[in-house]
Amino acid sequence: MGPSRQWDVRGALVAASLFHLVHGAAGGCAVPFLSLYLRHLGLPASLVGAAAAARHLLVAAWAPLGAACARSGRQAKALVAAALLGSAAAALLLTLVPPATLEDARGLCSGAAGADVGNATSANATNAANGISANGDGVNASVSNMVPAEQWRATARALPVGLVPTLMAPALRGEETSSTAAAGVDLNDNPEKHLLLSQNGKLPLFKSPLPSVGGAGAPENLSHHWQAALDTGLDLVQDTKGERWVFLMALGAMLLWELLAAPVECTVDESLYEYLDFVDAADRYSTLWVWGYLGVSVGACGVTLLVDRLGCHLGSRLSRQAVHFYAYSLLAVLSLLASVFLPTYAPKKDKCTSRTAKALALIGGDGHAVLAAVTVLLAGAASSAVHNFLFWQMEDHGSSEGYMGLWVATGLVAELSLYPFRGELLRTLSGSGMVVLGLGCQAAQLLCYSFSGAPWAALLAQLLSAFSNGALWWALDATVSDVATPGMERALRALLRGLAQGAGAALGSVSGGLVVDSYGLSVLYRACGAGLLLWLCLFLALQSRLPRQKKINYSHLLTANSSDVSDSEEEKERDWLVKAMKDESFG
1 MGPSRQWDVR GALVAASLFH LVHGAAGGCA VPFLSLYLRH LGLPASLVGA
51 AAAARHLLVA AWAPLGAACA RSGRQAKALV AAALLGSAAA ALLLTLVPPA
101 TLEDARGLCS GAAGADVGNA TSANATNAAN GISANGDGVN ASVSNMVPAE
151 QWRATARALP VGLVPTLMAP ALRGEETSST AAAGVDLNDN PEKHLLLSQN
201 GKLPLFKSPL PSVGGAGAPE NLSHHWQAAL DTGLDLVQDT KGERWVFLMA
251 LGAMLLWELL AAPVECTVDE SLYEYLDFVD AADRYSTLWV WGYLGVSVGA
301 CGVTLLVDRL GCHLGSRLSR QAVHFYAYSL LAVLSLLASV FLPTYAPKKD
351 KCTSRTAKAL ALIGGDGHAV LAAVTVLLAG AASSAVHNFL FWQMEDHGSS
401 EGYMGLWVAT GLVAELSLYP FRGELLRTLS GSGMVVLGLG CQAAQLLCYS
451 FSGAPWAALL AQLLSAFSNG ALWWALDATV SDVATPGMER ALRALLRGLA
501 QGAGAALGSV SGGLVVDSYG LSVLYRACGA GLLLWLCLFL ALQSRLPRQK
551 KINYSHLLTA NSSDVSDSEE EKERDWLVKA MKDESFG
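Residues in the sequence shown are numbered consecutively from 1, following full-length UniProt numbering.
Quick caveat, the hints were computed from the structure, so don't treat them as lab data. Wrong hints could be hidden among the right ones.
Unchecked claim - Cross-link-like lysine to any residue pairs, in silico, SDA-like; alpha carbons within 25 Å at most:
{"#": "1", "residue 1": "K358", "residue 2": "A503"}
{"#": "2", "residue 1": "K358", "residue 2": "P486"}
{"#": "3", "residue 1": "K77", "residue 2": "A61"}
{"#": "4", "residue 1": "K77", "residue 2": "L18"}
{"#": "5", "residue 1": "K358", "residue 2": "A61"}
Stated by the list, open to error - FRET-style restraints, in silico, Cβ to Cβ:
{"#": "6", "residue 1": "A281", "residue 2": "G398", "range": "44 to 54 Å"}
{"#": "7", "residue 1": "L330", "residue 2": "A61", "range": "24 to 34 Å"}
{"#": "8", "residue 1": "R309", "residue 2": "S452", "range": "24 to 34 Å"}
{"#": "9", "residue 1": "R10", "residue 2": "L330", "range": "26 to 36 Å"}
{"#": "10", "residue 1": "R317", "residue 2": "G365", "range": "53 to 63 Å"}
{"#": "11", "residue 1": "H397", "residue 2": "A78", "range": "44 to 54 Å"}
{"#": "12", "residue 1": "S286", "residue 2": "C537", "range": "43 to 53 Å"}
Built from N, CA and C at the ideal position, the CB exists for glycine as well.
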C-alpha cells in the first residue's frame, strides 16, 4: 500500500468484507458436499468418515501453522495468493478420481434421473437379479429360459470356492442343499436379502465345496447372456480391491487441497486484526464473519440450483457433481483478485509462538473453561455426524441438491437473524442457560433427523441451528471473556474452535462412519442426541458445584468508547464501569 492508503480503515474493512464474501461462496460451493461426492465414488460410510476425519485434523493443525509462516506483509500476501491458486487447481483433482465400480454411477444423479442411470449402467447385473421371485420359490420364467439350471450348476463348479453369486442359489437348491447349509447362506431363507447387488454395490456370496476350475464339471459353452451377467459379477468382486485405490486417490487429492487452502483464512484474519488493532479499531473486526456466512449461503444455494438444471453427465466422462469443484476453483481465483486490496500487516513474532500453550494453561486452570472445552468437543463430534451423512439420507429420500443447498443456507441465515438479540439472551438466560439451550436444540435436531428424512423436515429442524450453533458459541465466548487474560481472548477462541472443528469433528466422523455402516443413519443420530442429553445433565451437575466467579476484563474497560461514560446523575446506570461491576449474569 502507498503512504496515503496505509491506514485507510474503511477501505480495509470493505476489502476484507468483499474477500470474506467471495471466499465464503467458494467454500460453500464444495465443502458441504464433499462426503456426498465421496459416496458417489462408491466409498462406504466408514471410509468417508476416515477421509473426513483426516481432513478435519489437517485443517485444525495446519491452518495456524501455515499462517505463522508469513513473517512480513509481503510474505502474507504471497502466501495467500499461492494458496488460493494452488487450492483452485487441487480441487479439480477430485474430479479425476474414477468411481469404484460402474454400479456407483447410480449415485451420480439424484431422484428419477439417478434411477435411470443406475438401470442403464448395471443392466447386465440387475436384469439377472430381478429374475428371483419375492417368495424365494425359485427363478422366474425369464431367467429360467435364458439360463438352464444345468448351466447354473456347471458355472458354479467352475468358480473358486466362496465366490459363487447367490443368484445361482435357486438353481442349485436341489444339488447343493446339504453343503450350503453348513458352509454359507441359507438358500431358502429370504432370497431377497441375497440379491446379486446390495445397496453398497457389493456382491453377496455363499460358500460351497465345489470342484476347482477345469474339473470335470466345468462348462464348455455358456450363453452370451449368462456370460455377460457372470462377467459383471466377477468385475464387482474384483472392484472391492479397487475401492481401496479410489479411497487413497480421493484422500490424497482432498488432503492436498486442504493443505493449500487451510492457511488462507487464518492468514487474512491475523493480518487484518493486527492492522486494525494497530490503529485502535479492533472492535470493528468482530462483524466480518457475517460476510463469510452470507458467502457460504449464496455459494451453496447457487451451485446446487445450477447442478439441478444440468444433465447427469458433462461430456462423456464427468458427472454433474464436478460442477461443485469447478465453481470453487472459479471463485477461488476471484478471491485472489479481492485479496489484492487487503491491508498488509504481519502478526508479531512473539504472538505466534506461545499463545497456544498459554491458552491451554488458562483452560486447564479453570473449571468452567474445562467444561466449555468438553462441551465444544462433544458438540463438534455430533455436528460432524450431521454434516457428513445427512445429505446421504436426504438423497435416499429423493431430495434434489437444491434442498441440500437450502439446508446449508437455512442454518446460517437463522444464526444471523438471532445475532442482534445475543446480548438480551445472555442477560436473560446467563451463560449456563445458553449452553443448556444450545445443547438441547442440537439434540432435538438430531432426533428430528433420525425420525424423518424428508427434505422439508430437515429444513425445519435446521432452523434450530440459530441456538444449537449460534447461542452455544456465544455462551462459550462469554466464558472465554471471563477466563482470558489481556491479549489472550482470540487465542482461547481459536483453541476452542480448533478443538471442536478438529478433534471433535474427527472423532464424530470416524465413529459416525462405523455406526452408519453397521446400524444405519437413524441409529447414529439417536445415539448422538442421547449422548448430548446425557452430557447436558452432567454439565448441569458439575456446573452447580464449581465456584461462581465473575472476573472483570480490564482490557475491555480500557478500550471502552468514551461516549459510553456519562457524568449526569440520571445516566449513571449507563456508565460502563457500573455495568461491568453489576453484570454478573454470565457466571
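Taking the hints in turn, this is what the structure says about them:
1. Restraint check: the Cα-Cα separation between K358 and A503 comes to about 19 Å, which is no more than 25 Å; the hinted pair holds.
2. Annotation: proposed proximity of K358 to P486 holds, straight-line Cα distance about 12 Å (limit 25 Å).
3. Restraint check for K77 and A61: satisfied, since their Cα atoms lie roughly 21 Å apart, inside the 25 Å limit.
4. For a cut-off of 25 Å, the pair hint linking K77 to L18 stands: about 16 Å separates their Cα positions.
5. Using a Cα cut-off of 25 Å, the hinted pair K358 and A61 holds, with the two alpha carbons roughly 17 Å apart.
6. Checked against the hint of 44 to 54 Å, the pair A281 and G398 passes, with Cβ atoms roughly 50 Å apart.
7. L330 and A61 have their C-beta atoms about 28 Å apart, which keeps the hinted 24 to 34 Å range intact.
8. For the pair R309 and S452, the beta carbons lie near 27 Å from each other, so the given range of 24 to 34 Å is met.
9. Taking the beta carbon of each, R10 and L330 are about 29 Å apart, inside 26 to 36 Å as hinted.
10. Separation of R317 from G365 is about 57 Å and conforms to the stated range, judged on CB atoms against 53 to 63 Å.
11. About 47 Å separates the C-beta atoms of H397 and A78, a value consistent with the hinted range of 44 to 54 Å.
12. Distance hint for S286 and C537: a CB-CB separation of about 33 Å, inconsistent with the stated range 43 to 53 Å.
The structure does not agree with numbered hint 12 stated previously, though it agrees with all others.
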